[in-house]
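Asks: Given chain A, work out where chain B should sit, using these hints.
Going line by line, the protein sequences match chains A and B. For the first sequence, numbering that gives the first Met the number 0 begins at 0 and goes up steadily by one. For the second sequence, numbering that gives the first Met the number 0 begins at 0 and goes up steadily by one.
Errors might be hidden in some of the hints.
Computed cross-link-like contacts, DSSO-like style, restricted to lysine-lysine with a CA-CA straight-line distance of at most 30 Å [stated by the list, open to error]:
no.: 1; chain 1: B; residue 1: Lys144; chain 2: A; residue 2: Lys118
no.: 2; chain 1: A; residue 1: Lys197; chain 2: B; residue 2: Lys165
no.: 3; chain 1: A; residue 1: Lys193; chain 2: B; residue 2: Lys144
no.: 4; chain 1: A; residue 1: Lys106; chain 2: A; residue 2: Lys238
no.: 5; chain 1: A; residue 1: Lys238; chain 2: A; residue 2: Lys203
no.: 6; chain 1: A; residue 1: Lys20; chain 2: B; residue 2: Lys189
no.: 7; chain 1: A; residue 1: Lys20; chain 2: B; residue 2: Lys165
no.: 8; chain 1: B; residue 1: Lys165; chain 2: B; residue 2: Lys189
no.: 9; chain 1: B; residue 1: Lys188; chain 2: B; residue 2: Lys144
no.: 10; chain 1: A; residue 1: Lys115; chain 2: A; residue 2: Lys198
no.: 11; chain 1: A; residue 1: Lys20; chain 2: A; residue 2: Lys97
no.: 12; chain 1: A; residue 1: Lys232; chain 2: B; residue 2: Lys165
no.: 13; chain 1: B; residue 1: Lys165; chain 2: A; residue 2: Lys115
no.: 14; chain 1: B; residue 1: Lys165; chain 2: A; residue 2: Lys193
no.: 15; chain 1: A; residue 1: Lys156; chain 2: A; residue 2: Lys97
no.: 16; chain 1: A; residue 1: Lys20; chain 2: A; residue 2: Lys197
no.: 17; chain 1: A; residue 1: Lys197; chain 2: A; residue 2: Lys118
no.: 18; chain 1: A; residue 1: Lys118; chain 2: B; residue 2: Lys165
no.: 19; chain 1: A; residue 1: Lys232; chain 2: B; residue 2: Lys240
no.: 20; chain 1: B; residue 1: Lys240; chain 2: A; residue 2: Lys193
no.: 21; chain 1: B; residue 1: Lys240; chain 2: A; residue 2: Lys197
no.: 22; chain 1: A; residue 1: Lys20; chain 2: B; residue 2: Lys118
no.: 23; chain 1: A; residue 1: Lys20; chain 2: A; residue 2: Lys200
no.: 24; chain 1: B; residue 1: Lys189; chain 2: B; residue 2: Lys144
no.: 25; chain 1: B; residue 1: Lys99; chain 2: B; residue 2: Lys188
no.: 26; chain 1: A; residue 1: Lys20; chain 2: B; residue 2: Lys144
no.: 27; chain 1: A; residue 1: Lys200; chain 2: A; residue 2: Lys97
Hint data in this document are derived by calculation from the structure and do not stem from the laboratory.
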Amino acid sequence: MEREEDLKINLEFISTSGVYKTPFSLIIIVQLFIGGLVLLVINLWFINSLYYLLTGTEFYSFGLKAEWYYWLLLPLNIYGNIFLFVFTVILFSASIFKLLNLISKPKEGVFVRGSKEWKYMHRRFWTVYFPIWLARALPLPWLDIIAYRFFGTRVGKSVVLYEGYIDPEFVEIGDFTMTSLNICIFSHLIYHDKVIIKKVKIGKACVVGPHTIVSPGTVMEDFAVLGVNSYTKINQNLKGNLIHVGTPVSITLPIQSVEESQQKAVKVKEDITNSEGAPLDSNLKEV
Amino acid sequence: MFQPASLKGESPVPIDERIRNRYLLLYILIIILSFIPCSLFEYWYVVYLWNETLIWLFFLFLLLNALGAIYIVQFSALLTSVLILKVVNLIHSPKEGIFKRSLEDRDYLFWNIRNIIKKWPLYIIASNPFPWFKNRFTLRFFGVKIGRGTICDNSWISSEFVSIGKNVIIGMNSSILSFGIEQENFILKKVRVENNVLIGAKCVLLPGTIVRQNARLSAHSYTNHNAVLEENLIYTGHPAKIQND
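This is chain A alone, in the form it adopts within the complex:
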């Protein structure tokens, strides 16, 4: 336990993430192959049936006789192939993910390079990488939420997972939460030869502002707001009904209406000019 405490002090300042390239990352090829195989079988059957409708003979008898309404499926075949591919890849890798979880149960804590946890963390990440990449490449904004749910992330209802990076495990997001552009929600953090894994919990109706980083171990209570361009420390607790700003988060502001905040801003300006206008100006010049 003492070693763990030491690590925490060093880790506080930096939020770096990403995973190493391991031989297991070639699982992308297996996922591509399985997705392609399903596509091939379905398309062969479909083309075969259309050929039967046109000529009355078949390349190969599948046992299913084609009907006239198979023509209606033609437009679906062209665009639906993409979705079929994505869903088979998601389902296949979700089952591999479950299998990996059965072999070695994911644990929170600090792990050294080369240990079993380190290895399995990398394996889990490379399994998840390709399906979520695919889900994000399609023009359906809720597809990545479905993909995340397949991989065991608890995502509430009517959540906006906008354009950003979110770890697939040890993340819990409550109902009606919004995350904005270019955010990073990390539940793991690689620090040279160690990896720290800690659960991130985001409550109900939270707002995670643009360009923010949520570090492992952060708990956002219900109705908390994380301001623009700020990041949280490891194991930080953000209280509800407040706006949190800072790098790392150090300032809290009350949530209020626009008029109120404008009035306050005017007051603050007056105070500054009355009492200590000169030193503040010089400070600004230095910056």
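Replies: Chain B in isolation, oriented as in the chain A frame:
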């Protein structure tokens, strides 16, 4: 990792519009040249397999063929652009320094031409599901040194005048810029990142930065022009300063 497609994008390199319009034909030429090996491959595929004995092979390898075609386009785009880049560098070799942002300045002109040449391969490889292709594979062809065991897949790195050591971790959405634009001036300066460095998420390294061994840069910070981050120290802030405990 799995950022959305809109953020993966290609380079945030601001190519001068006047120069871009003039060299549009060069850009299109690279695109056309990169499709030639792919079309030869497809021609070969149809000619050899579209007959009565081998037709089952044609259908069996159809998906692999599609995948192969994509990768052939990517590699040929890379190779043609590297070849043209070599020729352009013979005419005018890339130099560091401070230049004027005008069409008369040859260094500025050729920097833009180099970026026009690199644009197509970088764009097409950014849309690749294998994450290590963009930075680790492509940038090494363009002359960027990247050591072994380095994580830099999620960051944006300039395609010239950058060297990165071994076992470096570069955080998500960080950018390493070896160029800078300031009013009328244009700066090109080498960025050097030495071994075992740790750079946080969403950091920006401006041109001329040297990060020495084992230095650490905290998340959300940027380094100044020509800054030097010393060994074994932690830096934070805007611009980065030594962390006081």
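Asks: Now tell me, hint by hint, if it's right for this structure.
Replies: Going down the list of hints, with the structure as the test:
Annotation: proposed proximity of Lys144 of chain B to Lys118 of chain A holds, straight-line Cα distance about 28 Å (limit 30 Å). Under the criterion of a C-alpha separation no larger than 30 Å, the hint pairing Lys197 of chain A with Lys165 of chain B is consistent with the structure, at around 27 Å. Distance restraint check for Lys193 of chain A and Lys144 of chain B: the Cα-Cα separation of roughly 25 Å lies within the 30 Å cut-off, and the hinted pair is therefore satisfied. Straight-line distance between C-alpha atoms of Lys106 of chain A and Lys238 of chain A comes to about 26 Å, which keeps the hinted pair within the 30 Å bound.
Taken as a hint, the Lys238 of chain A and Lys203 of chain A pair is honoured in the structure, with Cα atoms around 12 Å apart against an allowance of 30 Å. Proximity of Lys20 of chain A to Lys189 of chain B is assessed by CA-CA distance (about 27 Å); at most 30 Å being required, the pair is judged to hold. Proposed proximity of Lys20 of chain A and Lys165 of chain B is supported: the alpha carbons are some 14 Å apart, at most 30 Å. A hinted pair counts as satisfied when its Cα atoms are at most 30 Å apart, and Lys165 of chain B with Lys189 of chain B qualifies at roughly 18 Å.
Proposed proximity of Lys188 of chain B and Lys144 of chain B is supported: the alpha carbons are some 15 Å apart, at most 30 Å. Distance check on the hinted pair: Lys115 of chain A and Lys198 of chain A sit about 19 Å apart at the alpha-carbon level, within 30 Å; holds. The hinted pair formed by Lys20 of chain A and Lys97 of chain A meets the criterion: a straight-line CA distance of about 21 Å does not exceed 30 Å. Distance check on the hinted pair: Lys232 of chain A and Lys165 of chain B sit about 27 Å apart at the alpha-carbon level, within 30 Å; holds.
Between the alpha carbons of Lys165 of chain B and Lys115 of chain A the distance comes to roughly 24 Å, so the proposed pair stays at or under 30 Å and holds. A hinted pair counts as satisfied when its Cα atoms are at most 30 Å apart, and Lys165 of chain B with Lys193 of chain A qualifies at roughly 17 Å. The straight-line distance between the Cα atoms of Lys156 of chain A and Lys97 of chain A is roughly 23 Å, inside the 30 Å bound, and the hint therefore holds. A threshold of 30 Å between alpha carbons decides the hint, and for Lys20 of chain A with Lys197 of chain A the separation of about 22 Å falls inside it, so the pair holds.
Straight-line distance between C-alpha atoms of Lys197 of chain A and Lys118 of chain A comes to about 17 Å, which keeps the hinted pair within the 30 Å bound. Simply put, Lys118 of chain A and Lys165 of chain B have alpha-carbon atoms about 21 Å apart, close enough for the 30 Å limit, and the pair holds. Restraint check: the Cα-Cα separation between Lys232 of chain A and Lys240 of chain B comes to about 19 Å, which is no more than 30 Å; the hinted pair holds. Taken as a hint, the Lys240 of chain B and Lys193 of chain A pair is honoured in the structure, with Cα atoms around 25 Å apart against an allowance of 30 Å.
Among the hinted pairs, Lys240 of chain B with Lys197 of chain A is consistent with the structure: their alpha-carbon atoms are about 29 Å apart, no more than 30 Å. Our distance criterion of 30 Å between C-alpha atoms is met by Lys20 of chain A and Lys118 of chain B, whose separation comes to about 26 Å. Restraint check for Lys20 of chain A and Lys200 of chain A: the C-alpha separation of about 28 Å stays at or below 30 Å, so the hint holds. For the hint linking Lys189 of chain B to Lys144 of chain B, the alpha-carbon distance of about 12 Å falls within 30 Å, and the restraint holds.
Distance hint between Lys99 of chain B and Lys188 of chain B is fulfilled; the C-alpha atoms sit about 14 Å from each other, no more than 30 Å. Distance check on the hinted pair: Lys20 of chain A and Lys144 of chain B sit about 18 Å apart at the alpha-carbon level, within 30 Å; holds. Annotation: proposed proximity of Lys200 of chain A to Lys97 of chain A holds, straight-line Cα distance about 22 Å (limit 30 Å).
Comparing the model with each numbered hint stated earlier shows that all of them hold.
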